[in-house]
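Enquirer: Residues per chain are reported as follows:
Protein chains: 4
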Amino acid sequence: MSGSTLGTLFCVTSFGESHGPAIGCVVDGCPPGMALSAEDIQVELDRRKPGTSRHVTQRREDDIVEILSGVFEGRTTGTPIGLLIRNVDARSKDYGKIAELFRPGHADYTYWQKYGIRDYRGGGRQSARETAVRVAAGAVAKKWLHERYGIVIRGYLAALGPNVVPFKTWEAVHGNPFFVADESVVPELEAFMDRLRKSGDSCGARVNVVAQNVPVGWGEPVYGKLDADIAYNMMSINAVKGVEIGAGFECITQKGTEHSDEMTPEGFLTNNAGGVLGGISTGQDVTVSIAIKPTSSIRLTRRTVDKQGASATIETHGRHDPCVGIRATPIAEAMLALTLIDHALRHRAQNADVVCTTPRIPAQAPQDVIERLRAAAAAENDEA
Amino acid sequence: MSGSTLGTLFCVTSFGESHGPAIGCVVDGCPPGMALSAEDIQVELDRRKPGTSRHVTQRREDDIVEILSGVFEGRTTGTPIGLLIRNVDARSKDYGKIAELFRPGHADYTYWQKYGIRDYRGGGRQSARETAVRVAAGAVAKKWLHERYGIVIRGYLAALGPNVVPFKTWEAVHGNPFFVADESVVPELEAFMDRLRKSGDSCGARVNVVAQNVPVGWGEPVYGKLDADIAYNMMSINAVKGVEIGAGFECITQKGTEHSDEMTPEGFLTNNAGGVLGGISTGQDVTVSIAIKPTSSIRLTRRTVDKQGASATIETHGRHDPCVGIRATPIAEAMLALTLIDHALRHRAQNADVVCTTPRIPAQAPQDVIERLRAAAAAENDEA
Amino acid sequence: MSGSTLGTLFCVTSFGESHGPAIGCVVDGCPPGMALSAEDIQVELDRRKPGTSRHVTQRREDDIVEILSGVFEGRTTGTPIGLLIRNVDARSKDYGKIAELFRPGHADYTYWQKYGIRDYRGGGRQSARETAVRVAAGAVAKKWLHERYGIVIRGYLAALGPNVVPFKTWEAVHGNPFFVADESVVPELEAFMDRLRKSGDSCGARVNVVAQNVPVGWGEPVYGKLDADIAYNMMSINAVKGVEIGAGFECITQKGTEHSDEMTPEGFLTNNAGGVLGGISTGQDVTVSIAIKPTSSIRLTRRTVDKQGASATIETHGRHDPCVGIRATPIAEAMLALTLIDHALRHRAQNADVVCTTPRIPAQAPQDVIERLRAAAAAENDEA
Amino acid sequence: MSGSTLGTLFCVTSFGESHGPAIGCVVDGCPPGMALSAEDIQVELDRRKPGTSRHVTQRREDDIVEILSGVFEGRTTGTPIGLLIRNVDARSKDYGKIAELFRPGHADYTYWQKYGIRDYRGGGRQSARETAVRVAAGAVAKKWLHERYGIVIRGYLAALGPNVVPFKTWEAVHGNPFFVADESVVPELEAFMDRLRKSGDSCGARVNVVAQNVPVGWGEPVYGKLDADIAYNMMSINAVKGVEIGAGFECITQKGTEHSDEMTPEGFLTNNAGGVLGGISTGQDVTVSIAIKPTSSIRLTRRTVDKQGASATIETHGRHDPCVGIRATPIAEAMLALTLIDHALRHRAQNADVVCTTPRIPAQAPQDVIERLRAAAAAENDEA
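As you go down the protein sequences, you meet chains A, B, C and D in turn.
Heads up, the first sequence is in the numbering used here, so the first residue is 770 and it goes up one at a time.
Heads up, the second sequence is in the numbering used here, so the first residue is 770 and it goes up one at a time.
Heads up, the third sequence is in the numbering used here, so the first residue is 770 and it goes up one at a time.
Heads up, the fourth sequence is in the numbering used here, so the first residue is 770 and it goes up one at a time.
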């Protein structure tokens, strides 16, 4: 299977360049009978689209999606869903210079060396514009996961450069242009972004994504693990340099007694596993965190080489996000949704007949249970 | 493709449980004509095998590999290579208790809920014993990559619990039981491990892996990116909770001017990208870092539930690694090798005819060039 | 990989219903640098399109293809090629009746039972209209195979119902509406078709396809055989019920001495293998023959059931091909091209470095050599 | 996915050469909880194994299968099932000559040209010995299909060279060494085979396979059609040159009124479709017919070339089947079972939630219904 198709059973095949006629995808393997309209997809696209605040690119990309197939009388038919997004604001002149120079941090050099040819306009195929396709396909997945299993997938910006923003409430996320889960920090972030934009530089970000109500049992060890596929899907997003599940890199300094999540009939006591054990979902929240590198397109002068291999410098003007991470939240949600739906289908393909008499324990023990158990353990230690 | 097969063109299909008759795999798609003996594979297996020091499990696993097919008169024939490792030290009695209880941090509960049945002996299929298969298959990949492209893949333990061990030399790695790249810290680590083992607890670890001499151009964006496949392969290793490429999570606090690697005719000035841009190798070292959680099998008492869902406690005796990360270095190397060979083949399938007239720039500019450029830049800043 | 994607490395992902907004596909994995225009594809589409003679459907399907991506400045870039064909002549009213009844010989009943929903207009996804997509994708494959290897892929109608039409010349094929390789039979076929159309019935057909100049070595045994993939691709064409390679079913009554193709330094003496031995191309012509069932949409009354399971009768009016086999020639050529290009890439992925010192023997020994050898053999027999 | 893996969800990965240490496979994706023993597999292997009559090869291949994994306490666990068959009767000396010459009709020349190296002993990887692996894997599939859906898969030899043997009863098949469904012809076939063996020549065969009780709805159009996958699986069997579904090539001369199967509430009136419409099973018997070429290894002298490309002759002695088709029946059954189980899983992955209110019609209308309807139709015609 070539590199533009994602998934084993719920498959997304993507196409399109930033400044070509259109981008789009084919979503194949969607279960039939689900109500689906262009509007269902559009709402997700609108969350990602540029120009929603002064902190993101001012490019105009209306990102209007058209459903070309696979939906009949408002319901999915089980046949491939063709999705099309025409490119509208392709100012190719902005990009003439890239034709001759390789921008540091971009894939100009690697595409050129790999293929010997590239559509340099706006980055062509390497452009993050392709992520609109992921959001569109992810909207279909999200909807099915929610309707069929009650799964809720939500993300938030957990760090904007050096500004760490701990989670407060999900309600906060939708009320601010940064997707942070704490509205009180918004003025601070705005000031930070204004300074950054003015400086001509860019910054990185951390995005966290959480899937709630994922049933126990999804994932296909030993290679097709749920977390392996999450890592794949997340790392395939432009600019992502790191992926964590649950405790992530913090597990290095944890003791076994701290990390492994104890189980009680009332539920798990902690969730360091991030909802995945042995590559299979536990029923707890699936928690993922990704690192997004700073935008490579910046106004400041950078050393590079040209197509003849000679030394050169470059400043990238044009309309770029000073932090691509800000708009990454809907993309990360989409990629998690696409991983989950694929494993939902893979799981029932093999295991639809499994009857497990052992009760499933709740995702999370109630807070009072956790506290009572901790107190009891502390008392026991005191005695000893 | 089901979950026990890895790779698109160089495919590894794994089988086997910890305490069944055997583990093994089929390596399909290997280029023909390469000299290959069981000994070539055995040397890598011996690096991973238990019992090599007091800091790892004392289980006896000879891990003797037999080549069942695909090699004729000492050379690969291009047909599938069957590899078999018989299990020899299966003390099933150690594991009787696991049949009734779900060990926290292990996949007992998830396998049980998913399949409704599991071979609980030694963890069965979820056991890290399966990683021997990865090392065996990886040995074939490593050899081809080295002979065909001069690629060298090496890893080291970069942190043992809270003990961070920066890289000093590759020579150091092979001379100590921890795979650390600085022998001077070994006594300290030994003391740490002795205390840890005595305490009955366990700790996590960080392993770094580096591939040198990877040609520019490998990777299949936009989904089949080289780094996406690395993330998948790494996250599929038992106990891994995080994966980084290049700067990894550090990129969050980097500025664009810091992160993106400037290019000169003499080479790249830095390697924050970790050798991958836009999902395609740059020709620089491919650098990967993974987080390995603390061993879940510990002697200390833990809360859990039994198969009837009732509350219970468990202590895991038996012969377990207090830090599974120590033996993870050869596994991580193998998984990187398997990713790279698959993309080597995928790349030339599509692009064998590409002639790119642009010169390839060296992986890394010489140190004196870097210093001269930095000095010049500093002087310029002073003037301004 | 879901059912709408074809191929391992050169992948076609198809979408679209007969009477939806559009049909199309994504062609992924195409080697970069090949000149490609919409016109290159259009010429093949025009060979398949309806309305070219009175013997095929009079539906108007202009089948104008638009290239949405993957081509830059007239050359393929190695990124996915999006192809779009808008539906223009969608007279949905013709199809109202099908909503309630299952047409015998059609997939109405099976789609309905499988998915619980279907776009019945014009057969929706089951419509042979989807084959336009195959022809479009096949045009890309054909072009590359010809430019890179000199491969020529051509088909012809070898039987129209009971009328067997042996091969005479390739030139003949393009000069008649039946794709037969002997123009002298055209009047006879026209009369046959006129009678058939008038009777309200339909007939089957045989189409033969030949690929010349295929290099020796393509195919991936033991499952991914070249002929296995040809059989898959051909049988996936609407209405195909049988596939033969080389001697095909005739081999049943052949002796081993007749069937197996003797080899001489001047070339193979026969080609019963149809250019494939052990699943790998021999260098001889790859010859394929397919059986296409009679059109199921006929004017004559047929028994069926309705959506309530009650007995009913149906006559299908509308504009249908009395023999769908007539327009199948370009489709079969396309499917053979898609099989071959996929194996061209797969072969070089694994075997690009193979140096075989044994000379390759010519595809076919010259006729005089064959005759001389036969005469010698006969003489020898006489003596014995 | 490389060429030695078969299937999308129920995957078989095969390895092994005729004269290497062993052949075997990994069966991945099998649903858990099914009772499975080595004996279940052995009974199928014994049907295929050589030496059961004087009409097949006298090689000794005990074909004793060992289950290496995936079964615990007599039940499948859902993890990969490793199957191993050691080679025991490897008389390599019989095959010395093949090292230097390419046997006509065999894959010696193509393997050599493709890989530049080959294990020539007994044909190595190209040997039909690999089909034992298919039968072993197919036994697992067959058992599950029967237990879960009541599916019965049976084959018979329908022609032995020019001797066509129509179907009489299934009981007959197991009572004779030819797998023919009519015991009365056995003496005749024995005489034919004795003459053939004596002549030093070989003959082809036709094998028919039927799957009963296949539910309606299996298959993934438009490429992953049930019949496309059947064609792939069948054509991948050594020596197969043609595949038919249902009426097969006979459909060419059928009229639409003859071919398309009318439907009534009592069932389908005919089964020209062979149980597949639009690539989806109809609920009728799935009927498949394959053509198997005459054995290429014959005693008579044949022209060929040697490794230097020089002219040569060859006679193949050793212990070969004069008609490989005789032992092909269990293989063809296995390949049909492997196709069906894969589609069973694929179907429920996507469509497990489909509720179709339309009644399913019976596979076949009772004979008296068919006759009554025919009489009525004839009467109507008489009146008209």
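Think of the hints as simulated: they come from the structure by calculation, not from any bench.
Some clues are possibly wrong.
The list treats identical chains as one, so a pair stands whether inside a single copy or across any two.
Stated by the list, open to error - Straight line, CA to CA, 25 Å or less: simulated DSS-like cross-link-like pairs of lysine-lysine: (1) 866 with 1024; (2) 967 with 1024; (3) 866 with 937; (4) 1076 with 866; (5) 1024 with 912; (6) 1076 with 912; (7) 866 with 967.
Enquirer: Since the copies are identical, ignore which copy is meant and state whether residue 866 and residue 937 lie within 25 Å (CA to CA) inside a copy, between copies, both or neither.
Expert: Neither: 44 Å inside a copy, 42 Å across copies.
Enquirer: How would you label the pair residue 866, residue 967 (within, between, both, or neither) given a Cα cut-off of 25 Å?
Expert: Close inside one copy (23 Å), not across copies (64 Å); limit 25 Å.
Enquirer: Indicate which option fits the pair residue 1076, residue 912 if close means a Cα-Cα distance not exceeding 25 Å: within, between, both or neither.
Expert: Classified as neither: same-chain Cα gap 46 Å, cross-chain 29 Å, threshold 25 Å.
Enquirer: Under a CA distance limit of 25 Å, which applies to residue 967 and residue 1024: within one copy, between copies, both, or neither?
Expert: between (45 Å within a copy, 13 Å between copies)
Enquirer: Between copies, within a copy, both or neither: which fits residue 866 and residue 1024 at Cα up to 25 Å?
Expert: Classified as between; 23 Å across copies, 53 Å inside a copy.
Enquirer: Quick one: residue 1076 to residue 866, C-alpha cut-off 25 Å, is that within a copy, between copies, both, or neither?
Expert: Within one copy only: 11 Å inside a chain, 57 Å across chains, cut-off 25 Å.
Enquirer: Cα distance capped at 25 Å. Does residue 1024 pair with residue 912 within a copy, between copies, both, or neither?
Expert: The answer is neither: 39 Å in one copy and 37 Å across copies each exceed 25 Å.
Violated hints for the displayed structure, listed by number in ascending order: 3, 5, 6.
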